[in-house]
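K.L.:
This is what each chain is made of:
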Amino acid sequence: MNLSKEICEPGLEEFLQEFLSDRKEEVSLLVGQNIADVQSSARDIGHKWQGFSRPYGFLYLEGLGQRLCDAAKDLNQISFEDILSEAKDYLNQKEEILKG
Amino acid sequence: MGQGELLFKKLRNKFFSLSLIGFILLIGTSSFFLRFHDEELNRQQFFQEYKDLIRDELRSARNIGLINDQSPTTNNGQDIYQILNSIKVIQSSIDRRTKENINLFETKEGYSFRLSSYHRNVNDYLLTFTSDSEGIEQVNLNQKRLNLRSSFEKKFDALINDLNFLSNQGRIKMRYTGWALVTICLALVLLIWILVFKPLYDTALGQHSKIIEYVEEVQEVSQSRENFLMNISHEIRTPMTAILGYAELLKKNEIPIIDVPKTIGIINKNASHLLALIDELLDINKVRTDQFEYEIDSTNLFQVINEVFSLMNAKAMAKGIEFEMMALSPIPISILSDETRLKQVLMNVLGNAIKFTEKGKVSISVEESGDMIKFLITDSGPGIRKELWELIFNPFEQADASSKRKHQGTGLGLVLARELALGLGGNVTVESSELGVGSTFKVQISSGVGVEVQRSMISTNVIDDENNEKEKVSLKGSSILVVDDAKENSRLFKIYLESAGATVFVANSGAEALKVAKDKSLHLIFLDLQMPEMDGIETLRRLKADGFVKPIVALTAHGMATERNKTREAGFSRHIVKPVSSSKLSKTAYELIFSS
Numbered sequence: 001m002n003l004s005k006e007i008c009e010p011g012l013e014e015f016l017q018e019f020l021s022d023r024k025e026e027v028s029l030l031v032g033q034n035i036a037d038v039q040s041s042a043r044d045i046g047h048k049w050q051g052f053s054r055p056y057g058f059l060y061l062e063g064l065g066q067r068l069c070d071a072a073k074d075l076n077q078i079s080f081e082d083i084l085s086e087a088k089d090y091l092n093q094k095e096e097i098l099k100g
Numbered sequence: 001m002g003q004g005e006l007l008f009k010k011l012r013n014k015f016f017s018l019s020l021i022g023f024i025l026l027i028g029t030s031s032f033f034l035r036f037h038d039e040e041l042n043r044q045q046f047f048q049e050y051k052d053l054i055r056d057e058l059r060s061a062r063n064i065g066l067i068n069d070q071s072p073t074t075n076n077g078q079d080i081y082q083i084l085n086s087i088k089v090i091q092s093s094i095d096r097r098t099k100e101n102i103n104l105f106e107t108k109e110g111y112s113f114r115l116s117s118y119h120r121n122v123n124d125y126l127l128t129f130t131s132d133s134e135g136i137e138q139v140n141l142n143q144k145r146l147n148l149r150s151s152f153e154k155k156f157d158a159l160i161n162d163l164n165f166l167s168n169q170g171r172i173k174m175r176y177t178g179w180a181l182v183t184i185c186l187a188l189v190l191l192i193w194i195l196v197f198k199p200l201y202d203t204a205l206g207q208h209s210k211i212i213e214y215v216e217e218v219q220e221v222s223q224s225r226e227n228f229l230m231n232i233s234h235e236i237r238t239p240m241t242a243i244l245g246y247a248e249l250l251k252k253n254e255i256p257i258i259d260v261p262k263t264i265g266i267i268n269k270n271a272s273h274l275l276a277l278i279d280e281l282l283d284i285n286k287v288r289t290d291q292f293e294y295e296i297d298s299t300n301l302f303q304v305i306n307e308v309f310s311l312m313n314a315k316a317m318a319k320g321i322e323f324e325m326m327a328l329s330p331i332p333i334s335i336l337s338d339e340t341r342l343k344q345v346l347m348n349v350l351g352n353a354i355k356f357t358e359k360g361k362v363s364i365s366v367e368e369s370g371d372m373i374k375f376l377i378t379d380s381g382p383g384i385r386k387e388l389w390e391l392i393f394n395p396f397e398q399a400d401a402s403s404k405r406k407h408q409g410t411g412l413g414l415v416l417a418r419e420l421a422l423g424l425g426g427n428v429t430v431e432s433s434e435l436g437v438g439s440t441f442k443v444q445i446s447s448g449v450g451v452e453v454q455r456s457m458i459s460t461n462v463i464d465d466e467n468n469e470k471e472k473v474s475l476k477g478s479s480i481l482v483v484d485d486a487k488e489n490s491r492l493f494k495i496y497l498e499s500a501g502a503t504v505f506v507a508n509s510g511a512e513a514l515k516v517a518k519d520k521s522l523h524l525i526f527l528d529l530q531m532p533e534m535d536g537i538e539t540l541r542r543l544k545a546d547g548f549v550k551p552i553v554a555l556t557a558h559g560m561a562t563e564r565n566k567t568r569e570a571g572f573s574r575h576i577v578k579p580v581s582s583s584k585l586s587k588t589a590y591e592l593i594f595s596s
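Chains as they are written, first to last, in the working numbering: chain A, 1 to 100; chain B, 1 to 596.
Because the hints were derived from the structure by calculation, they are not lab data. Accuracy of the hints is not assured; some may be wrong.
DSS-like, lysine-lysine: derived pairs with alpha carbons at most 25 Å apart [to be verified]: (1) B/550 / B/587; (2) A/99 / B/487; (3) B/355 / A/88; (4) B/262 / A/73; (5) B/315 / A/73.
What you are looking at is a predicted structure, and each value in this text was computed from that prediction instead of being measured.
Please model the entire structure based on the sequences and the hints provided.
P.N.:
Following this line, the structure appears as structure tokens:
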């Protein structure tokens, strides 16, 4: 995955670690859950990712947020799990970049 | 005259009365008849003289004792008086037939022959007396007879010639009449053919061609349907086989416990694929049979493009390919379209481009072209042969059959994209393609807007937006409250607004917002709609109840017309859709604080 074009807006650099931690926490809250049980939370989280990921340079997460909203709406367990798996991989990669 | 002859006469007269040629013939015949009438008088006079002559000779011969018989006969046994009667009959017949103009020419020939024959017989008879006679009375009788005969011969010859002439005339007339009749009949037939049969024939031929065309079309459609059903059958059987196969194994406990979740996952995945296939098939069928209802409404084009971009960008990034978007001209911010279907069209075509691109780049450009919005989606995939440019819009067709199993999907993406685009007043086509280089697809949809609609250049944060610098406004001296339960948003908006010179306060709930609004002198509030406990609309109501009169702007991820109407009716001054750029936020604040 090419993350080189994911650049955050000026002034937000100091908040990236906090942003990343918060997102990882959200993912861990949803992983292993049944979509029907966490539908509302999944939708809210997806909605938030959609709304603020881009300025922080997490463009891929914005797309995942849209998909998460759709999966929650459709109660699609498979999509839900796929999205969370992708989000986990992505955030790990971002963490590596930020560390580096 | 028989019934047949009467009928013929009537028909003939009718014909002559109806035809121009008949008219001319009538004229000719009239003059002919006139001439013939004169000839008739001469002929009658001649016959009278002839009979008188013969009677005279017979009387003279009897007076001088040459004839003793009361019934003198010729050398061949014909009674003279009978010959005279026959001649009388012939005369009457000629007269009658001449007047009625019936078959005269044949009869004339017969008459002339018979008259000549009678005359020869009578003459031969009379000659027998002269050859045997003696004495002056006989000499005088002979001389007189010779003189009379001489003038008679001349008249008789004239009569015969006249009859022959009339016969020829009649023959010519009949010939011309015949030819005229034939010509008229042919002309009538031709006219009827041209006016009646040919148009009917052409119509029948045309209908026949149409029927043939229709039958061929139906056969083609039938064949297509057959191919389609075969393909559907294959597309359905493949995942069904996996589902049934794994389900059977699970039922028989032949899957290790550790692999059960994975197996269930495979079953679910194939089931989802089937569901997606069925949904798309139903959609295509609905669209094609005009059962599909489009919800044409004010559509935020910018938001649609942004959402599509972010989704597709994620897919592109997952594959390690570049994805970019650019605007080639200012485009309307809002258009009249079906937002959901528009997104579906763009995602299907973009998804297809990303699916078939293994490396390189996928880009989408957008521009306004007349009353259409035009998107060009370019990829660096394998390219498509020209003869397949239309085929790929057929269900289950991929340009390269060998890659069919390699690339997952229903095979209906482009089909549905085109059907939906057609319903939105546009189309999806292959703009260009080169094998080994890539393809460009063109998506066009009707914008349904006029020149008065606001336009702008679309941009994303991924691409350098040079316009931002030019549009920078100053919010110096203003106090703004940002209310959002997501600290990421409130933090972001605070940075945006402070960079424009504003003093910014932050609240993470509706209750907190009420407190800040009471304590601070604010010029503007940006208020998120979706907040727990007290949402944005409730917060606005309470703010107004507390006497807050300054502008309040709704911040939301939803840009649909229904949402906009809701916020407008609630009393919000503006409706901004997230994600929102720094310039957009600053400009909105500037307009509401300093321009109003």
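K.L.:
Determine for every hint whether it applies to the structure shown.
P.N.:
Hint by hint, here is what the structure shows:
Of the supplied pair hints, the one linking residue 550 of chain B and residue 587 of chain B holds, its CA atoms being roughly 17 Å apart against a limit of 25 Å. As the CA atoms of residue 99 of chain A and residue 487 of chain B are separated by approximately 23 Å, the hinted pair is consistent with the 25 Å bound. Under the criterion of a C-alpha separation no larger than 25 Å, the hint pairing residue 355 of chain B with residue 88 of chain A is consistent with the structure, at around 23 Å. Pair hint residue 262 of chain B plus residue 73 of chain A holds up; C-alpha atoms about 24 Å apart against a cutoff of 25 Å.
Distance check on the hinted pair: residue 315 of chain B and residue 73 of chain A sit about 20 Å apart at the alpha-carbon level, within 25 Å; holds.
Checked against the numbered hints above, the structure breaks none of them.
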